[in-house]
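Place chain B on chain A using the hints.
Listed in order, the protein sequences are those of chains A and B.
According to this note's numbering, the residues represented by the first sequence are 1 to 232, in order.
According to this note's numbering, the residues represented by the second sequence are 1 to 283, in order.
Relax, there's no trap hidden among the hints.
Derived Cβ-Cβ restraints for the label pairs, each shown as a range:
(1) A:His113 to B:Gly80: 32 to 40 angstroms
(2) A:Thr126 to B:Ser196: 46 to 54 angstroms
(3) B:Thr137 to A:Pro78: 34 to 42 angstroms
(4) B:Lys229 to A:Leu134: 55 to 63 angstroms
(5) B:Asp155 to A:Thr126: 48 to 56 angstroms
(6) B:Gly80 to A:Pro70: 18 to 26 angstroms
(7) A:Ala62 to B:Asp95: 32 to 40 angstroms
No wet-lab data here; the hints were simulated from the structure.
Quick reminder that beta carbons are idealized off the backbone N, C-alpha and C, glycines included.
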Amino acid sequence: MEQVLTAAVNDASTVEEKVPFFSFNLATLKRPGVILRLVSILVCYVAILLAVLLPTVTINYASYSSATLPIERVNRFPSELIPGASVLFGGGYFCYYLRSTRGVVVLTTAQSHFNWISFMILIFATLITILAFLMTFTKKLEKASKVVTLGYVVSGLGILCSPVWFMVVNGFGNDYAVATTDLSHYFAYDSLYCHCGYGAIASCLVFVAAAIIFGIGTNRENAGGDNRNSES
Amino acid sequence: MKHRNLLLALVGLPVLFCGGCSDAFGKVVTSTDDFLTVAADSEFQIASAALKTATGRSNNNNSSSTSLASSASSGTESVGHEVKMFTNGDYSLTDGKETTIGYTRITGSLTEYFLIDGATSKGMLTPDAADLTPGRTSAQKLIDNDYATLRGIYDGLKGYIGKSASDYPNMTSLSLTRSIAGTTAGYYLHTFEETSSARTETSVYLTLDQFKGKWAFTNYSKRLTVVSKGSDGLTTYNITEYAIDVQDDLSAMSVPLAGISVYIKGIDTSGVSFTNGIPLTAK
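Next up, chain A with everything else stripped away, as it sits in the complex (with noise of 0.2 angstroms):
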């Protein structure tokens, strides 16, 4: 009898080690919710893909810093778009008033730097695919699902707020030139004329969509149970 007992749980371990982690198989690739999962890494690719190609940053003055600016000035500025390459490696050069505090306002040129934040956002984004896509073959990491989500969404909210990121990495419209009475702070403080571009709005709603596909498709495979271990 115990040689019988030994026997069974010798066996029962050769079989849990036998579950394999990942199934890669035809019909897992049949399943709609792993189809939309994989769906929602190609999505979250290409959120990430127009968060470096398209404008993610604009410096725009209209209505925005009449109370500092000449409202003609404010006015005749055109809306800069700059790009997300440069927003994110830096090396790009963009334009911006500033306004001494002993009243003259100039137009000034500056470089951009290496965006270490928006760039932790983007491998931060790539981590999260990797865990959806490990997450689509394995039932172990099934708990996860909420986190792929959620890391969805908030690389798209990172992106969304690429302005402010920009304006940090770069040392202007922050407290590094406030306006006081001592002479070495020299330019008025004025940060309401760097906005999200076209580019970090269209960037955020496709991760929104790519956390939407991926929630869908989690909710496809809960529905179908433990099927797939019928499949695998």
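Showing chain B alone in chain A's frame:
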């Protein structure tokens, strides 16, 4: 096939979008072609020109210059001059100490001229337009000088084309950039110089605006910051700013005469009589 098209669309769409997006407006100045043709000041209606300067120092003890708590700063600001031009040849001229106003008052068919000392609030009433000419000439000369100064600075910037910091003694960094945002252009020269005793940062901003298709100098700012390397950590500032206001049409001058003590040119109190013939100064 359908999936392949979808994939192509997903990748290709952003590229197409990017093709339609415009670049930012800034660039490095690399040749004389990057310099605009600037018209003479006589081609514009210049409503005002002003020169302001400021100097200051702060002892930061080598801590952050933006921390007021750890710094003791002092500074003086002054108006070098400020000139304003109005219709009818009226003007206002401040040289930092005295303010002179030339004002034309037209009442019906009567035209009279006021030459007012802003500091004392005293004015001379005169029927002779030529009395305003010297002041007006001085005002116009200051505008011309300011504009010529800015042109000299502008031409000076051209000397930095193709140069790097190594071409200048003690210079560690040099950049000359330009932006054109619609009808506004800005040149920015930024240099760092370092010696054994101090580190000097120079920022020169020259801004131009386009009026009726012609470029004019409008705003200039130069900031010289010297940080000494001694134990006192003294930082000194030298700021020079020019502001030139170009307008399509000059505005009319408005002077509140109520607070001004006016006397009539060529007539003193002994020559003034009341309507009944009694002289004003009669005892």
